[in-house]
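All chains, please: the whole structure from these sequences, using the hints.
Residue numbers (the numbering used here), protein chains in the order written: chain R, 1 to 366; chain W, 367 to 732; chain E, 733 to 1098.
A couple of the hints might just be wrong.
As the list claims (entries may be wrong) - If the Cβ cut is set under 7 Å, some of the chain W residues that face chain E in the computed set are:
1. I369
2. L386
3. Y417
4. Q422
5. P423
6. G424
7. M433
8. F491
9. H509
10. G513
11. V547
12. F555
13. T603
14. G643
15. A707
16. L721
Hints were generated in silico from the structure; no laboratory data involved. Being a predicted model, the structure only gives us computed values, none of them experimental. Glycine included, every Cβ here is placed at the ideal spot set by N, Cα and C.
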Amino acid sequence: MAITIRELAQALDAQGWGDLDLKVTGAAEPQATGPVGPEGGVIALAMSPKYATALQPGSMAILAEGMDPQAYGLKAAIFAPRPRLLMAGLTRAFDPGPDIAPGIHPTAVIDPSARLGEGAAVGPFVVIGADVTIGRGARIGPHVSIGRGSRLGDDVLLNAGVRIAHGVTAGHRLIVQSNAVIGGDGFSFVTPEESGIEEIRRTLGSRDAIKQQHWTRIHSLGGVEIGDDVEIGANSTIDRGTIRATRVGNGTKIDNLVMLGHNVTVGDDCLLCSQVGVAGSARIGNRVVLAGKVGVNDNIDVGDDVIAGGASKIFTRVPAGRVILGNPAVKMETQMEIQKAIRRLPRFAEQLARLQETVTRLLEKG
Amino acid sequence: MAITIRELAQALDAQGWGDLDLKVTGAAEPQATGPVGPEGGVIALAMSPKYATALQPGSMAILAEGMDPQAYGLKAAIFAPRPRLLMAGLTRAFDPGPDIAPGIHPTAVIDPSARLGEGAAVGPFVVIGADVTIGRGARIGPHVSIGRGSRLGDDVLLNAGVRIAHGVTAGHRLIVQSNAVIGGDGFSFVTPEESGIEEIRRTLGSRDAIKQQHWTRIHSLGGVEIGDDVEIGANSTIDRGTIRATRVGNGTKIDNLVMLGHNVTVGDDCLLCSQVGVAGSARIGNRVVLAGKVGVNDNIDVGDDVIAGGASKIFTRVPAGRVILGNPAVKMETQMEIQKAIRRLPRFAEQLARLQETVTRLLEKG
Amino acid sequence: MAITIRELAQALDAQGWGDLDLKVTGAAEPQATGPVGPEGGVIALAMSPKYATALQPGSMAILAEGMDPQAYGLKAAIFAPRPRLLMAGLTRAFDPGPDIAPGIHPTAVIDPSARLGEGAAVGPFVVIGADVTIGRGARIGPHVSIGRGSRLGDDVLLNAGVRIAHGVTAGHRLIVQSNAVIGGDGFSFVTPEESGIEEIRRTLGSRDAIKQQHWTRIHSLGGVEIGDDVEIGANSTIDRGTIRATRVGNGTKIDNLVMLGHNVTVGDDCLLCSQVGVAGSARIGNRVVLAGKVGVNDNIDVGDDVIAGGASKIFTRVPAGRVILGNPAVKMETQMEIQKAIRRLPRFAEQLARLQETVTRLLEKG
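Structure representation (structure tokens):
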């Protein structure tokens, strides 16, 4: 894979400079690059002056606008108007993608009633069940299994070991990282009589006689419905709904080791970072960002455009647009004040004790 | 799968009403159902008046006791004495189960010394090791592996990609969701001399000279012992013990992405929700409920009937029957008081400052 | 597997006592052992007087130095100078290891260009891609997949279902537990214009007009580089870097369900316990210990020899050698003081109110 500086600048919607015919074969940090000959080579990413100090004369680089390629002695350069955005185009251009050969591997076990669109690449030991339909251009890694009746759109990429159970639907361009599980049974159990959890929810914490009871399983008849342009991280799990589907909206990106419980709905264009957990029947709005290790209680609403800082634990409804932090999560400004006050607590305690003493002395005098 | 209202009511140990011969083919939320013809159809779940508003005349519904089917114009109804409990029977009746065909798939690699009871369904690419024994009616999904000498009871369900290592035993009716790992090696290491962790446990936080040391592995010779009626969620991990087994009691249900460390014992009828972590050698009693993201320190005891709220972090022994919350976890009432006080902290700070000023003025006057 | 007391003592670099020719076939807790005949049997682990009370006369035991084997009526004993360290040697001696038969299973799909060193054991349904190189003595369990061009050293052990993507390198003696994923794509996205997260990082929490934007993917061109003697736990995930590799140093041990984000670097001889999450581009020093459920923010430094207590959330840089705890994590001593003060908060509130009253009365009198 090699394209010229001219073609790369064009692909990135950016401005080229210098020898536009040099060939680019990849991109790397400045310290991993060097001078290139007439045949070109690897382009350095130096989109801030800080990174540019490691540039060597005679090399090629991507710079931020306003930086001077001649000052670094470059042979060629591309100017990035918004560096992070340019990274998207650049990395896409050079990504060879996962290791899935074209065509259907002879070891794959595909039910005769399943339908795959044209251009499918299916790896060794894949298992596809009855009545599954998958659109065009699917890439399915080794050891993936897809259960009866599931329906996926065009251009999906399922990496090695992904589990898609029966009755799951997803739109176009779904990307799932290895060993993620979509459509496992919900975690839903009931006791013959009121359980301890139901009791403390009703009484806000106090309990009468504790009874021995066994848990009976509520089965999950709903599936999982996933929109277009969704990504799901490695070893994440999305459980099926009880009598309706668990839902993930268009454009939502989910990181590794994330848990979405049964009946959860997540809106469009959300970011759910690693180790987030959303308990059963919670509703997450559109464009919500949950940072790493955030937890969301069952059955609550998190409004559109909410941003929750790392490790926030959300126990109650959050209005749209709010930025929250902490355990329990509160407005970020409030949390900052609380943290400041908590750090001063030992000093408060001292001050209070001294004040008490002073007042006691005043009283004695009086 | 279709049964009459009469049969369904009987199966659910509930009262039927109206045209008891109508056929039920499934269950859904009221808005996803409608009027049914003489051939029957999907029954609406409307077990509280709130949900019942979406019922359409001419449909069938499951109602709470005391609700009036005629007021909604229903053709047939079933009255649920305890709605959540009825959900268990209802969903069981209509669950088609995972996608595992009867019989043993020809691609499965089963050691000749392994013994499977009658009625086994074994999916493609399953690997079963030497001396494994499995009871009657096993359902084993694609890509499952079971190591040498493991023993499972009757009617187990192992979904696609489950890993059961060597030397694991489990009782009847075990259900394991996809990609869970039972019997991985424990996380147990030792340094030639006292390590930093051992030092701060001894000194409660202070450290002398820091030494460079490498970690040496303590191997896990114990297995995992699991009782009857246990469920284990997707991508959860239960490590094997060091010289005795890690143990999970009868009737205990474990959600997705849960971690049980080496030598842990969990009692009977517990609920361990998603992303719970229990560190090595901790002992969890019977009927304990750990909500999502709860953490339990190594080597401590959590008594019978303890309920720990979401994201609680348990660092020390918890007596039986206690309801706890927070990080560090304390009695729920105490945590509630603490949270209230913390929210008022900034106001305390102000009040204290004003009081200090007042007293200073008093002193100056005096 | 059976060796004499003499051989075992020698292997453990410890002192034997009594009938040194007795054969040892395994080790267990005292209550699971008993008197042995001339053919030997299982040795009891009784390395503190507490455990020794369950010893039966006529049995064999490993004791701490200074304990008296005659007092317990033992036939033979081994004295452990540092009990935990001895456990390492002892358990290694008796670990039969995972269930992977020697040789290459005929169902494995290995690209002709891949090179495995001598002595490889490769289980059923393994998939190894083009240009993969693996050193001598590899043990690779069933259903493992290794992507194009990855390079592993000698004596690696990959348990069932492990996923190693393309472009991953690792040193000697790598051990990976089942279903772990190494080399999944990083979680890195960008919006065409400034996103809400970028905005609140810039403004420290406040937001202007909220815009609807979609996330564009930044692909991961970097791989993962892992040193010698590393272990990675079940269902853990290590993402590939963006333009350079994500890195894990020599001797570092990683527990189950741990997440290392893209571009993270972890130094040598670290311990990362279960459910730890390290966000993108964070840098962890050497000999760092992160206890269970610790979270590390993206882009920050955690210095050498830092120890973070259970569930600590690290938002900012941590200097070398510090022992930290809490959310947000602070010095352990400070956290202890804070916790003490927080528990006394309700009493502070009362004291403050009473003091206020007293002062008010004083003022009225004055």
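Do the hints match the structure? See the list:
1. I369: 39 Å, violated
2. L386: Hint violated; W/L386 Cβ to chain E Cβ min 49 Å, cut 7 Å.
3. Y417: Constraint on W/Y417 not satisfied, violated at 32 Å.
4. Q422: Cβ of W/Q422 sits 35 Å from chain E, so the hint is violated.
5. P423: 40 Å, violated
6. G424: Since the shortest Cβ distance to chain E is 41 Å, the answer is violated.
7. M433: 42 Å, violated
8. F491: Holds - the Cβ of W/F491 comes within 7 Å of chain E, reaching about 5 Å at its closest.
9. H509: Status holds, d = 6 Å.
10. G513: 4 Å, holds
11. V547: Holds - the Cβ of W/V547 comes within 7 Å of chain E, reaching about 4 Å at its closest.
12. F555: Result: holds, 6 Å to nearest chain E Cβ.
13. T603: Hint on W/T603: holds, closest Cβ of chain E at ~4 Å, below 7 Å.
14. G643: 5 Å, holds
15. A707: 4 Å, holds
16. L721: 6 Å, holds
The structure does not agree with the numbered hints 1, 2, 3, 4, 5, 6 and 7 stated previously, though it agrees with the rest.
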